[in-house]
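All chains, please: the whole structure from these sequences, using the hints.
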Amino acid sequence: MLDALEDEVPLQVMLFELLWKCRARVHIPDTLTYKYGKLESWYFNSKDSKSSPRKGPLPLVKRKRDSKIKSSDVTDRIIEAFCTGKQEQDIVALWVNAEPKENCKLLYLTRANFSFFLCNSPRHGHGVLQRWVAPFGGHNSHLRTDWSPHHLSLEQRTNWYSVGDQKHPVAQRLATFEGGVRNVSSASVINQHLRARVSERTLR
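Each residue of the sequence shown is one higher than the one before, counting from 0 in numbering that gives the first Met the number 0.
No wet-lab data here; the hints were simulated from the structure. No experiment lies behind these values; they were computed from the predicted model shown. We put the beta carbon where it would ideally sit given N, CA and C, even for glycine. A hint or two may mislead.
What the hints assert, rightly or not - Taking CB as the label site, the calculated pair distances span: (1) E87 <-> S147: 38 to 48 angstroms; (2) N119 <-> R143: 24 to 34 angstroms; (3) H149 <-> F115: 41 to 51 angstroms.
Said to hold, decoys possible - Simulated crosslink set (DSSO-like; lysine-lysine; CA at most 27 angstroms straight-line): (4) K69 <-> K85; (5) K46 <-> K67; (6) K85 <-> K37; (7) K63 <-> K20.
Rendered as structure tokens:
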């Protein structure tokens with residue numbers, strides 16, 4: 000049985016379309032959006048995107064053509080993009096169920112259960128399926144920003160357990176802001192350079 004986490008902060012599925020339409024330059028893993036249980040869009044960076052600002056501008060957010068989304072082999076293409084080179088126990092994706100006016104349900108998927116989930120679970124409701132990118136340092140860590148026109152706060156939460164620690168369930172070693180688990184450290188971000196970069200993109 001798959002263990003889901005819950006987050007009280009809602010997810011705006013339209014965010015990814017806005018990033019694409021405004022030609023935003025940002026690193027993004029393969030991201031699939033679902034509406035009414037059907038695959039609607041697939042966002043990504045091209046494979047030749049620059050990985051460092053020193054080598055050039057950040058990559059554009061791109062979207063696959065509708066013909067690719069509606070092709071009969073789209074499921075095989077998703078599995079290939081998410082699972083190539085992965086072992087059965089490796090984490091390959093994050094599913095966020097984003098029903099309107101409800102808390103988000105988050106589900107981390109391994110190679111072993113990804114194919115089954117892909118063929119069965121996303122058929123109901125709205126959500127986002129995103130390719131998993133292993134965190135630097137081996138521990139899952141998220142940064143959350145709360146802002147208004149006159150206020151900005153940054154909080155970082157890091158899970159104590161290693162991502163690859165098989166002694167603990169997947170949900171327990173990956174939870175940060177979700178689930179109310181105890182094995183998470185929290186800290187306010189005081190790095191002025193980081194705060195300045197976030198502020199530049201939000202308070203304007």
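Evaluation of the provided hints:
1. Taking the beta carbon of each, E87 and S147 are about 45 angstroms apart, inside 38 to 48 angstroms as hinted.
2. The hint said 24 to 34 angstroms for the Cβ distance between N119 and R143, and at roughly 31 angstroms that hint holds.
3. For H149 and F115, the Cβ-Cβ distance of about 48 angstroms falls inside the hinted range of 41 to 51 angstroms, so the restraint holds.
4. Between K69 and K85 the CA atoms are separated by roughly 26 angstroms; this keeps the pair inside 27 angstroms, and the hint holds.
5. Taking the CA atoms of K46 and K67, the gap is near 17 angstroms; set against the 27 angstroms cutoff, the hint holds.
6. For the hint pairing K85 with K37, the CA-to-CA distance comes to about 26 angstroms; that is within 27 angstroms, so the pair holds.
7. Among the hinted pairs, K63 with K20 is consistent with the structure: their alpha-carbon atoms are about 13 angstroms apart, no more than 27 angstroms.
When each numbered hint is compared with the structure, no violation occurs for any of them.
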